[in-house]
Every structure is written in structure tokens, then in C-alpha cells.
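2 protein chains.
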Amino acid sequence: MSQEKLLLIPGPTPVHPRIIHSLSLPTISHVSPDFVAEFKEALANLKKVVFTAEGQPFIIAGAGTLAMEIALLNTVSPEDRVLVLSQGYFGQRMKEILASFDLQGDIIQSPLGRAVTPEEMENKLAENNYAVVVSTHVDTATGACAPIRSYVEICKEYGTLFILDGVCATGGIEERLDDWGIDVVLTAAQKCFGVPPGLAILVFSPRAMVKRKNMAKIPAYYSDILRWLPVMKDPSKYFSTPCVNEIRAFNEGLRLVIEEGLPERFRRHAQTARAIRAALTTMGLSLFTQEAFLADTLSVILYPPEIKDKEFRQLLAENGVIVAGGLGELQGQVFRLGHMGNLSSSQVIFALEAIEKTLLALGYKLEKGRAIERAEQILSEKIH
Amino acid sequence: MSQEKLLLIPGPTPVHPRIIHSLSLPTISHVSPDFVAEFKEALANLKKVVFTAEGQPFIIAGAGTLAMEIALLNTVSPEDRVLVLSQGYFGQRMKEILASFDLQGDIIQSPLGRAVTPEEMENKLAENNYAVVVSTHVDTATGACAPIRSYVEICKEYGTLFILDGVCATGGIEERLDDWGIDVVLTAAQKCFGVPPGLAILVFSPRAMVKRKNMAKIPAYYSDILRWLPVMKDPSKYFSTPCVNEIRAFNEGLRLVIEEGLPERFRRHAQTARAIRAALTTMGLSLFTQEAFLADTLSVILYPPEIKDKEFRQLLAENGVIVAGGLGELQGQVFRLGHMGNLSSSQVIFALEAIEKTLLALGYKLEKGRAIERAEQILSEKIH
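Here the protein sequences line up with chains A and B, keeping their order.
With our numbering applied, the first sequence covers 1 to 384.
With our numbering applied, the second sequence covers 1 to 384.
Heads up, some of the hints might be wrong.
Straight-line C-alpha distance at most 30 Å; calculated BS3-like pairs for lysine-lysine [unchecked claim]: (1) A:K48 with A:K233; (2) A:K213 with B:K95; (3) B:K310 with A:K310.
Per label pair, the in silico range of CB-to-CB distance [claimed, not checked]: (4) B:E119 with A:H21: 51 to 61 Å; (5) B:N129 with A:R81: 36 to 46 Å; (6) A:E260 with B:D34: 26 to 36 Å; (7) B:E153 with A:D102: 44 to 54 Å; (8) A:L226 with B:P305: 37 to 47 Å; (9) A:H21 with B:E367: 41 to 51 Å; (10) A:E4 with B:A292: 54 to 64 Å; (11) A:Q104 with B:N129: 33 to 43 Å; (12) B:Q331 with A:D102: 38 to 48 Å; (13) B:E4 with A:D234: 22 to 32 Å; (14) A:Q104 with B:D34: 57 to 67 Å; (15) B:L362 with A:H21: 32 to 42 Å; (16) B:A37 with A:A99: 46 to 56 Å.
If you are wondering where the hints come from, they were derived from the structure by calculation, not from laboratory data.
Yeah, the Cβ is synthetic: ideal placement off N, Cα and C, and Gly gets one too.
With the hints as constraints, model all of the structure from the sequences given.
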């Protein structure tokens, strides 16, 4: 039935059987030694994923939007000015969150399909005194991947805190908190970790923690990291009941990441992305995102004129693969194919075959099998 | 192993196999027709649990504390004054949440083990112009059950909104939103619904919705119900990714409630409570909570002088049953036994046998088997 279809939207992503198994273990007490050990391990593993020794992880029941709110409220005071670099949909959301709490934010909106350039950002930093810069790593709507390392280098010069929305990136694309100088990474369980949705995930740098501690009062209770901090330091303490099953599932997801090895995981994501794109272009399709900004986790593909969004996605679903439609102004023009998390090569090939079959059924002309061959070739290249 | 122990803390509560099964189904798209249907059904079932035709349900990824915050922020404006009726731990938390957002709140703190009387509340309402009254139904720390119907009657006279924290009650003890005139009921998945933790659950009365809509701006983004409202009206809309697996599990929990029948479920909770207390007092133990304020969902039991908290709970756990220790100033003096959700008679008897065995092993004097007999007798009485 539909539950067995391959879910290739930009999150939730396919959930590995080991993760589902962890989710379905009996619910135990949130203060039992077994659960405390599991929570501790999840926090330690999360630090490994963003390469931090001293950063402070937070795992909190909620959605990615809550993680965005937590990142902003705990680093931005009323006198601060925030610069939001927006590649599309979620940059706008950052601006909305700031506005909801009467915090001051300016936004640089890049043309859709590319990211704000480091130069554009630097010009803005030179103009105004910004305390915090926020950027999405990979925009869910446009598939644009931002040049994070360049942003962070410039932020360092200006002494600006840097918040990274890693929602379609963390655990799939390299993000080094300590080395690069990122101050907050935020994400959600259902993206590159391939865990069912329900967790807001954050890691704060020591500098960001100091900033929070120096802010006397913030307009938050549940979103105040100082209320969660004792629990994150020692999960046997109580603030608010942690979601036992989901946290164990998340830890299992983190174990899969660690077992694969982070460099290997990032290389696998890059290789998968190359294979998928080579196949799609071999089919004659075009990518919406500009080449310099392509992400390893997500592709946004333009429809050829003869293919209609609704028909395509419906028939593709009947052929076993779920992809997402365009968000916002891209609705109807593109489909979005997530390729992040624990996707296997055979799942990639299955998806490409389904896309080919669907296009052919809708009267689109292509040479059957050529695209798949191209993808198989790339996927079989040894990565090292 | 420890995961097979019977979890009788005041939440999480034991999770029925049907609920665990729902939780472990493959994660599907949050906008797929299958999930949209499931989410709709959960919202409709939730309305049935609190007996409302016109109330607006909300199911949001988060903990019970988030539900408390959502209830307050969406009904209390800066010019409003809130009266918090506190039976113990969570009334204090309501006050803290108000203070975090610079909202004005007064608190009536009852002596531990009983609830604020309707007279005490009315005196306070006569003194000041309160816009909102908040009360916990059953306090997790003290086991005190508050006289909600009497509170609401008085609030009606004063035109005051009434927020009910149903965390250890909703779905186990009667709460009638429409008939009684409650304005917000809030709870969490892991209490009387017996679903793993991870969801903040609320139902707003039409009057509470009007109040929110008349408040121009509130200090909230994720906690702003107006951002969630379109999704709750039509779950195919997007605001923030709903936690697919947890919501399906919650719906399965709601189905179990509806199948049992609400009056039958409330009667079962009352009968279970009677049986447990009769057994415990037969063992010679005393209840901490005053008799008039005993809750059908939770018992707080005083330790006899010769029994030490840590030893008792540890040995009881070895005998297969997990109970909670005292919270706050009751730590060491009491243990807390949750008896809410989908607990069966045989689980109740198993727990009582384990308590008896543990007490005997710790040198406490009691006549073996008498308490169990008493409980079995009460549990076998036909309820109608």
C-alpha cells in the first residue's frame, strides 16, 4: 500500500528499520537509568555530527520551526540587529519569527535558485552594526546550498554571531562548529538523520551560550535554553518530560551516522546527488537551481512544458515514489526530490526508474535505460 | 529486562500494543492523503474526549509544558490579570510561565494534599478584576484533584475565562468543555491517553478563540495558535512538519478511548483507584492526599517510618514495577503511583502484589494476600 512507497520529499526521509525498531520499543521512564544513558549518548553523538568538543547540544520535543525560534530567541537581544541571508522560503520565516518578538532583522533575499554571495553579505555587514547573521544551509524550496564557510570567515572579521539553519543539511553535508566558527546549528530529526519528525535539534557554541547567559531575560519559556540546560548536562534531571521513544529513535539514527563515518556519509551524499543529476539531465530534464549552488541533499527539477505537476506526481506515486511539489511561487513549475539521510543506491535506482517510467507514460520522449545506466555508473565509482 | 517492567509513574503510562504498532508504521509524507485523514480523525476524536461540538483542537509537537505556554499566551494580554489556583508543582510553573512573558498573575497556593476551595477562589475574584483563571485538574506532585465544576460555575458569574491543565486527567476523568464552560483544556500524550510523550494537546472554546483573535499580537511564534489554525482546520495545509508517527499513535490511543466509551473509561479509572487505595490502606499504608481531593488517576502514598524511599523503589523495580518518588518538598516522604490510561485489572493486581512483596522484604509487617483480595473484590464489581 501507500505506506510502502519510497518517500523522497525533502523530509521526512525514508526511515531505516533500525530506527523504526528503536521507536517501537516499550516506553520506559524518562528518568530511568536506561533512558538517561540513551539520552546522554544521543547528546554526545550529536556533538560528533557537527564536529564540536565544547558546543552544547539540545534535543527538544518540537518541530524544526521551534528550533529556529530557539536559536533566535537565545542569541538576539532587543538592541541587536540581525541579518538574515535568505535563499528562499525559510529565510522569510526567520524574518517572521524575529518580527513576532519585536526583534530587529534585515533580510537579503537572493534570486531564487542561488544563494546570497559572500560579497553581498559583507557589504551589508559593513553598512550596519549586526550582532547576528542567520543563513539556511540548503533551502528546501529552491534547493540552493549557501557558501557557509565563506559567510563564517567574514562574520569572524566583524565579530558577528553566526546561526546556521541546517534543516536539509546537518548530517548530510559537512558543518564544522568549532573549526569553522559557527555559533548555532539547528535542524530537525526528519531530514538528513532519517528519523521520524518530532524533535528540534540544536548545538550552541560556547560563545553563543555566553551570549544567552548575558541576556537577563528573553521572551521565552519552553524555548529558553537555560531551562533545558540542566537536563542536557544531566538527563536524570527534570524540566519537561522528554519524548522517550523519539529520542531513542534519534539516537539510533545518530549511531547509523557514526557507524557510517561522517566523511564517508558526506561523500555518499555527494555521490548520490551526482548520480541523480546525471540521470535527470540525461533524461533531458533541467535543474532549477544554478549549478554553483547545487546541494548534495536535494534537487529541484523544472518540469518540461508537456508535463503537468499534478499528473506527474500522482502517477509517480502510483509507480512507488513520492516527491514533493514546488513551494510558494515555484508551485507547479518544479518538483523537489530529496536525496538525504539513509538512502541506499538501490533506492536511488528504483526512484530513477520510476521517474523514467512516469515520464514515458506521460508522453515525454527519452531513450529508455540510458539515464539509469549513467546513474549506476556513478554510484559504482569507488569513493575515498 | 527493565523495558518489560510495568511503568506506573504519573506519566509516561503503559503503552498499549496497538499504540506501539501505530507508532512503528513507516513514516509517510505529512501531506499525503493517508496522513491527512489520520490527522483529521485525531482532531475529531480529541473533541469527543472533552465533549465539545464547537471547540477547536490543536495537536502540536512538544511537551506538556509547551501546552501550558500555548494556553496562557493565546488567552492572556498584557493588561489582563490571571489567577492561578495551585495544588502543588504545576501551578507554580504556570506562574513562572506568566512571569517569563511579563504577564500579570496572582497565585492561590493550597496546602499540599488538597486543592484551593471554590470559596477561596471566589473571594479572590471578588477582590480583583481577573480575566483568566487557571487550574491544574490533578496535581502530579500531590495527587490532589481540584473541584473543577465548582470553579467553572463561579468563573461564569464573573465572566472569567477558565483554563484547565488536564495533564493527569484528560481522558481519564470527566471534563466537559461545552456543558461546563471550560475555555481551554490542555494535556500531553503520555498521561491518560497512554501514548508515548512528544505531543502538546489543547482544545480551545469558541470564546477562547475569539479572545485570541482579538489580541493583535502575542509574544509567540511556534506557540501562536493562529499559525497552526489553518492546519488544524485542514491538515493538508503546511505550517511546520507534523510528527507523523506520533500523531498516528495518538490517534490510535484516541480510538481506544472511543471504543471503550468515555463514561465506561471514567468509571474504570474510578474503580481502579478505589481498588488500589483499598489495597494500600489494607496494607496499613496512608495516602498523602486528603480524602476529599483524591484523584482517580494517581495516588500519592506516605512511607511508613521504617521504609526508605530509595530502597523501596529500587526493590519494587526489581520486582517488576516502576513508581515515582516524591516531587519537590515531598521527596523521600511519599511515592507516587499512576493508575491512568490503559491499565488492565491484571496489571493492577500485579503491581499490588509487587508492592506487598517489596514491603515484606523490607521488614514491614502485613498480612499477606489480604490487600490483594480486597482489590480483586472491588475490581470484580460490575460497574454501570
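Q) Which of the numbered hints above does this structure break? A) Of the numbered hints, 3, 7, 14, 16 do not hold.
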